[in-house]
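Chains A and B, in that order, give the protein sequences. Read in order, the letters of the first sequence correspond to residues 1 to 138 in my numbering. Read in order, the letters of the second sequence correspond to residues 1001 to 1331 in my numbering.
These are computed hints drawn from the structure, not numbers from a lab. Any given hint could be a false lead.
[What the hints assert, rightly or not] Counterexamples of contact, computed for chain B against chain A with all Cβ distances above 10 Å:
| hint | residue |
| --- | --- |
| 1 | Asp1076 |
| 2 | Pro1088 |
| 3 | Gly1103 |
| 4 | Leu1129 |
| 5 | Asp1152 |
| 6 | Ala1192 |
| 7 | Glu1204 |
| 8 | Ser1217 |
| 9 | Val1294 |
| 10 | Glu1295 |
| 11 | Asp1299 |
| 12 | Ala1324 |
[To be verified] Label pairs and their computed distance ranges (CB to CB):
| hint | chain 1 | residue 1 | chain 2 | residue 2 | range |
| --- | --- | --- | --- | --- | --- |
| 13 | B | Tyr1019 | A | Ser55 | 54 to 64 Å |
| 14 | A | Glu57 | B | Ala1303 | 42 to 52 Å |
| 15 | B | Glu1183 | A | Gly87 | 32 to 42 Å |
Computed from a predicted structure; not experimentally measured. Glycine residues also receive a C-beta, built at the ideal position from the N, C-alpha and C atoms.
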Amino acid sequence: MPGLADQIRELDCWLEGTDIELLELDVGKDMIRLRREASRQRSAPPPSVAAGIASFEITAPSVGIFRRTHPVRTAPLVQPSQQVGAGDVVGLLQIGALLVHVVAPKDGIVIDILAEDGAAVGYGTALMRVVEKGSRNG
Amino acid sequence: MIEIIATAGLATVQDLGRYGKLRYGVGRSGAMDRLALAAANLLLGNNEGAAGVEVQLFPFAVRFTSDCGFAIAGADCAAQLDGQALLPWSVYPAYAGQELVLGLPQGSTLRASRAYLTLPGGIDVPEVLGSRSTQLRGAFGGLAGRFLQTGDHLRAAAPDPANITAGFGLVPPSVGLPLQVGERPAIRVLPAAEYCCFTPRSKEIFWSGEWRITAQSDRYGYRLAGTALEFAEPVEMLSHGIVPGVIQVPSGGQPIIQLSDAQPSGGYPKIGTVIEADLWRLGQAPIGSSIRFVETTWDDAIAAEQEMRAWLTELERLIGLRRAQATGGRP
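Only chain B is shown next, with the shape it has when bound in the complex:
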């Protein structure tokens, strides 16, 4: 059980997303870095899809109102528990009255931007339309469909103060599943339906250029800045269904990547779609940083998904062994 004692805003309860509801015009929401949320859940022995807290602005502080284990993943935010330094991507015990502070994300080349905090069994908020993710536009899901505020209380669904297995962590995916082109994080993209409408020069720019994530970027989408992309001929489209990862190009030629809280439909031409397996990389790229796109194929996208799946399965196995050893091992 935790009480929010300090937030700079933009923190929400998220799980892995609300699937199967785009047909009703309800977007997916969910963690921007689903890999970090899944890992933070696995560290506690939760289902990987349990709800956690996504923190986007720092510092963020909570007070434990009862004994409780917790895990943190995502950005290394110099976390401290009652002033004692914690390691990122780790699980720890907390006792009633202790305060956890997530500070500013650190690091240079591998600096991430979002952190995840999980509790045993997941954050206990009602499921709405099959998910505990916060649907901000619709103002439902998560905690009352809104950002967390100072004074909010969140309960763990399966608190078990007597049985906290802690004292270990994980090698983060930025190290275990690295993907860079030069010094920049690389994002694999499938050419989308209107890819053919762009000039050959623009296609070249798209793949070889650096794209800066502007300040007009958030959970809805990232507005990128770079060399303007041009159409071989004007394209006018009716609004149609889109999914997180779609990269649209409005008439100004600066791409927009639709993300977790994107609208379920849009009418801009689409040059490409970020593969599902790389959405977490995008979710961790800080505002002001630059990224590179890498052209990929359907088969490679599936392989990337499988690689991510295998990484999580292996984590689950190693953590399971660790937890079994701690609770049932021989003296």
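In isolation and in its complexed conformation, chain A is listed as follows:
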């Protein structure tokens, strides 16, 4: 049985070639948590985000394939400059036949889709950037 240090080294090698940013693994009575240190290269927020306006990222709640459109629909769930309300489903993460809902945590206006449609994403991957709004109809 490999020791814990060897297991961590092995996991580190596997993760090297992936986009996974956070791994938590139960190993008997221990739990290994590996987090990628250097953050991924992101394009700078688009110039339309004026200084002083609060914006936030909607991140992936799970691993999966990022889908902007539901399989039986044709229009994407959200487009840039679209208003979203807290609780709205703005994207999907596909794991086999399962589609995890990506939900907007607050009201806002989508300003940038950060992940590519069909890309494999990991837990915590930034999917879109949203500018905060005071109220849905404000």
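Following the hints, put chain B in place on chain A, whose structure we already have.
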């Protein structure tokens, strides 16, 4: 717990069907799209055979009278919960007082026609002859053996307001288990006992033609319209036992597919039988749409059944992981 607040009619409580009772002259009933009902149940962690509501005409609206999770599957009917748009084939939480509206089925090539609504533990109505399906002809089963009406209340068998795992859905089988010939949904059929009685030309027409589902179609059966089928010699038969899926050809030559609420016996010659694994495709084909038949073999029919079984088993596994993660996962 839900109260029906709007129905255009033809909605019933159905489970996967009443099996083993054809010998008593009691037909199978059950959901026209059993795959959608099973999936909607699995989304809630129910047994796949739990009873749900089958909606055939839209709009259909219910009010939740207590906190309750629910799932929807089948036709994408632009469902809304208190005005918020929902995704099809998904599970959601609902709170007392919220209203769920199922609108008109949408979509173009993959448009379905029946929707299913499930509640935790299944709809709580008495089991009759081993099933909770509505037996319309016999006026028993489901809710008092009839279509749902405004004002009806339906209870969930296992409500658990504190433990609703929601926020996910499924890739529908129209995408995951596609079957088309050209632009038309394809239905696999086994040649039936009187197949040999038809002319060679008619057999060719049966397999290569497009068959339109006429307005004289419902849960009892679909009347199809297409090029008339002809017999090589006249066929007169005594009434005999039939099952859902049987395709009969009366003297006019226009086929009738017997479906969920079919009579247990009939005397028309049978040209083929739709395989069990494709009955859901038929159940979702809208009136006015056309279908194609594909000749299949016994072995392929069994394989199709196994493929459907595997799809459901995989759904159950993925949903189980999701639910376990939500309730017992680490912070």
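Now the hints, each set against the structure:
1. Asp1076: violated (5 Å)
2. Pro1088: violated (6 Å)
3. Gly1103: holds (14 Å)
4. Leu1129: holds (34 Å)
5. Asp1152: Since the minimum Cβ distance to chain A is about 29 Å, aspartate 1152 of chain B lies beyond 10 Å and the statement holds.
6. Ala1192: Its Cβ never comes within 10 Å of chain A, the nearest being 33 Å, so this holds.
7. Glu1204: holds (34 Å)
8. Ser1217: holds (23 Å)
9. Val1294: holds (23 Å)
10. Glu1295: Label holds. Min Cβ-Cβ 29 Å, cutoff 10 Å.
11. Asp1299: With a cut-off of 10 Å, aspartate 1299 of chain B remains clear of chain A, as the shortest Cβ separation is near 26 Å.
12. Ala1324: holds (13 Å)
13. B:Tyr1019 to A:Ser55: 54 to 64 Å: holds (57 Å)
14. A:Glu57 to B:Ala1303: 42 to 52 Å: Holds - the Cβ-Cβ distance for glutamate 57 of chain A and alanine 1303 of chain B, about 46 Å, lies within 42 to 52 Å.
15. B:Glu1183 to A:Gly87: 32 to 42 Å: holds (37 Å)
Checked against the numbered hints given earlier, the structure breaks hints 1, 2 and satisfies all the rest.
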